[in-house]
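Visitor: So the chains spell out like this:
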Amino acid sequence: MKELLKKLSEEFGPSGYEDRVRSVIREYIERDLPKNCEIAEDRVGNLYFHVINRDKPRLMINAHMDEVGFMVKGITEDGFLRFGCVGGMNPLVLGAKRVVSERGIKGIISAKPIHLLTNDEKKQLPKVDDMFIDIGATSKEDAEKYADIGDYFIFDSGYVEYGDGFIKCKALDDRHGCAIMCKLIDAIKQGADTEYDLWFAFTCREEISYSSARCASEYVNPDYALVIESKAVQDIYGVDDEKKVCILGDGAIVSFMDNSTVYDKDMVNKLISICKKNNIPYQLNKYISGGNDSSAIQKSICGVRVGLISAPSRYIHSRANVVKYTDLEAMYEIALGLIKE
Amino acid sequence: MDFIKESLKELCSLMTVSGFEKKSRTRLFEIARQYFDEVSEDSFGNFVFVKKSLNNNAPRLMIDAHFDMVGMMVTDILEGGFLSVTNIGGLDTRILPSAEVTVYSKREIYGLISSIPPHLSKSGSKSSVPTLEELYIDTGYSVDELKELVPVGAPVVINGEYTELQNGFVAAASLDDKACVCAVFDAVRRISAEELKYDIYVTVSAQEETGKCGAALSACRIRPQMAIITDVNFGAIEGDKDYDSIVCGKGASVDISALTDRKLTRGVMRLLDKEGVQYQRICEPSYTYTNNDLVSVTGEGIPTVLMSIPLRSMHTPVETVCLKDIRSLADILIRVAYTEKTDLEAI
Amino acid sequence: MTELLKKLVLTSGVSGREDKIREVIKAEAEKYADEIIIDPMGNLIAHKRGKGKKIMFASHMDEIGYFVTFIDEKGLIRVGNVGGINTLSASYSEVVSERGVCGVALPSDSNEVPKVDALCIDIGARSKKQAEKRVSIGDYFVHAPHIKRLYGNIYTGRPLDNRIGCLVLLEALKNVKPTDNDLYFVFTVQEEVGLRGAKPVAYRIEPDIGIAIDVTSAGGKPTSPKTKVKIGGGVAIKIKDASVICSYEIVEKMRELCLDSNIKYQDEILLKGGTDTGAIQTAKMGCLVGALSIPTAYIHSTNEMIDISDVKEAIKLTCAIAERI
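Protein chains in written order, with the working numbering: chain V, 51 to 391; chain W, 192 to 538; chain B, 3 to 327.
A portion of the hints provided could be inaccurate.
[As the list claims (entries may be wrong)] Computed beta-carbon distance windows for the label pairs:
#: 1; chain 1: W; residue 1: D283; chain 2: V; residue 2: K190; range: 32 to 40 Å
#: 2; chain 1: V; residue 1: G154; chain 2: B; residue 2: G196; range: 37 to 45 Å
#: 3; chain 1: W; residue 1: R298; chain 2: B; residue 2: G86; range: 37 to 45 Å
#: 4; chain 1: V; residue 1: S160; chain 2: W; residue 2: D228; range: 28 to 36 Å
#: 5; chain 1: V; residue 1: I89; chain 2: W; residue 2: N247; range: 25 to 33 Å
#: 6; chain 1: B; residue 1: I40; chain 2: W; residue 2: R381; range: 52 to 60 Å
#: 7; chain 1: W; residue 1: R380; chain 2: V; residue 2: G208; range: 51 to 59 Å
#: 8; chain 1: V; residue 1: N103; chain 2: B; residue 2: V115; range: 50 to 58 Å
#: 9; chain 1: W; residue 1: T354; chain 2: B; residue 2: E251; range: 33 to 41 Å
#: 10; chain 1: B; residue 1: D36; chain 2: W; residue 2: R380; range: 47 to 55 Å
[What the hints assert, rightly or not] Pulled from the structure, derived: some chain W residues nowhere near chain V, Cβ distances all over 10 Å:
#: 11; residue: P308
#: 12; residue: F425
#: 13; residue: K432
#: 14; residue: I447
#: 15; residue: R472
#: 16; residue: V488
#: 17; residue: T507
It should be emphasised that the hints constitute simulated quantities derived from the structure, not laboratory data. A virtual CB, placed ideally from N, CA and C, is assigned to each residue, including glycine.
For reference, chain V alone in the conformation it holds in the complex:
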């Protein structure tokens, strides 16, 4: 799975421009397509892998393809790019970071250097409005050769394995979910049985709250949904235990509640029982925070019973997301257990 995870995470795919990630996934899941399976795309760009089992209850497993990024709003006379964020980001993680555009143009996020700031300005949080992307252009005219209004940029940050089984890359949120789903599809192709009319949905635009996952839910009309996600945690030095949320390496997170969703009690209990039965490491969320596609799915159509498994992730929505590989393995095992139940 690591090789696939590297490929997916390094691919370009900010919200609204998931085309390249979708192609990579599509190419992967299309291989050796069994007779009882079909692949579909809807008109907002969601990609589906359907294991046809018509009379069975319908389960949708969902991960989102998009990542946070930037969009060019204007070009200054000097050839610098003004930009806005696509998805929520802390301006503190932006300064002096490398970025790359949809056309492969490299740039640096820059701002007024600290030497030139007044003492008052030094104390204030930097604002995105005061930053710009420097692509090395000499003038507006020159910059227009390399970038245009509406062009996307993303963090330029590759896949690194470090320490005791940790992985760092941009966009691990939620490409690791996509990778896990691809591996589940592999398991199906290799003969894993399922008791569901099973849909895998690779969705768009999760990072902006008008998520395409709700369109996927209308398209599939599921009875149950399992969302595979990243969960922002802060298990770092100096944070009180009750605010760490969860610990990397302690297993997959089974959530009972976050800021956007109270998860279905039966789904939560089922996921926990799968963990207990198969000795899969798991942890409950120890702080209420964050939100994801689950809320859009739960409230869609006539209501859907929704559950969530997520990878504890440090430094989410920055150039360096960090996850631990063993947690991803646990998530894969839980999802596989659910499919087979």
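Mind docking chains W and B on chain V? Use the hints.
Guide: Quick look at chains W and B alone, frame taken from chain V:
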């Protein structure tokens, strides 16, 4: 231009405070019947007007402009003939003191928003912006008369009559978004059914200003293959950053956002480039804060394009647009309506 | 009526975990409905069939509370809030878990009015190990339920928001006269966390008219918000709240029904706070909506207060709407 002037003036005279759009149904239907094959409404207050193409299997193109406007609502009838109010939609309370208003109940009642002259204001309070709770509508009636005339819940409009400025600029209340309604009507009026590649479903929708997005309810009913959302966007004034606003008089804009369809948006821009049509561009990276955001995720999802008319002094009784920009939006809509969806995506 | 009210108030059910209160309501609703449906989110729909207008009444059955997130070394329980907690009232008040474990909610850092994430629960355990015997992560706590009559028609208790609405709906279901209208009495989930339950039900039912029944802030008390609504002033007809502008046709119709049937009513504009009305209005293709409210003081505190005579008017109006709108 005469059509735009005349119909814009008429549209702006209609009372359409969010939640009360249906009160202006009769006149709107009269206007729309001249240009459309079908007119209908729903219980929420959305109006849907249909213009069919000659092709039986044409895809459905939804074009949305919202009908509602910001305003106020009466919350209490007070001693001395005053009314207390709450806002409907985002109101700029700085411009309210001494404004003239109309209260819509059994009949239209003239009123003034109270203000305190500088001689009497407490020291220090001059600089602070009054909240709506501190302002009252002065009607000149006695409290007993007023109780007969006005029920709690009556809508209130801040008067802003249609005024022509220089160089084709006009000012009026509710140009947000009636300038777009006008542009859409102008486009449909001039469209020939022979060349039309879509069945056009125009939604003149309710409650955009309250964030309820009536357009999404219409989209759910129409299930269009594609939607164009039209709204106003900030017209540049002195001191604005050029990349956060568009310029009045330079044409309508195509908006670029993560929440609009990338292929269609690019397709529309390339079509306009190819045909040498002047237009502006503005980038709204995440949310567009228009009907686009919810319409794009309605049902199984709808590919959307967002277009704007530049407007100055938004959400005041003197909203200002340039008539040329209304014409420009209409021209752009016509060109898109004459181009097959597959061609747009391929361009 | 008071027996049923007692039962409704004393059964707990935090947002997303409404199983117990749903059972109580179901047992009562079954006696009068043609059909009972429980949807995937847990909304309870009691259907009385008819061929006329499709009317959906909605009253939420969930309440605010806490989920256990963490147990520290000393056995103190950290929680996340469910819905808008009044922390002034919550501090040093009694709480009880889904398993019946009692405890006291306290500010974890100072004696001032705490922020909501600074509340924790002391169940008397002396260590993490002791606490874990009685409480698990994911358990919920609610403020200790109670109800008593104070003076005349005035009752105080918790959670009256919105079990009092459930009472109105159950009584209306029981007392409504035969009518052509197709009636859906819905007890919704997850209202307190952002009107989440009502939309999927409205999507399923596709009503012509949606009517929410909930509590509204009453004025005239030292801590009251600015409003004309008074306890004892009759049922409140909602014109607007932060989530909705009610369809003016429905507002006018409700006023007419009150005048025709001698129902005591007052107009309501609530500046802060939303209701299921807003969610129902924009479900699927939308519908006409209205709402009636029971004036309540000290909402979301441990002692909410109502006048039972307002409740009687609310039941009459609900029946009138069901029969004649």
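Visitor: Run every hint past the structure and note whether it holds.
Guide: Cross-check of the supplied hints:
no.	hint	result
1	W:D283 with V:K190: 32 to 40 Å	34 Å, holds
2	V:G154 with B:G196: 37 to 45 Å	42 Å, holds
3	W:R298 with B:G86: 37 to 45 Å	41 Å, holds
4	V:S160 with W:D228: 28 to 36 Å	56 Å, violated
5	V:I89 with W:N247: 25 to 33 Å	32 Å, holds
6	B:I40 with W:R381: 52 to 60 Å	54 Å, holds
7	W:R380 with V:G208: 51 to 59 Å	56 Å, holds
8	V:N103 with B:V115: 50 to 58 Å	55 Å, holds
9	W:T354 with B:E251: 33 to 41 Å	34 Å, holds
10	B:D36 with W:R380: 47 to 55 Å	52 Å, holds
11	P308	37 Å, holds
12	F425	13 Å, holds
13	K432	7 Å, violated
14	I447	4 Å, violated
15	R472	5 Å, violated
16	V488	5 Å, violated
17	T507	24 Å, holds
Checked against the numbered hints above, the structure violates hints 4, 13, 14, 15 and 16; every other hint is satisfied.
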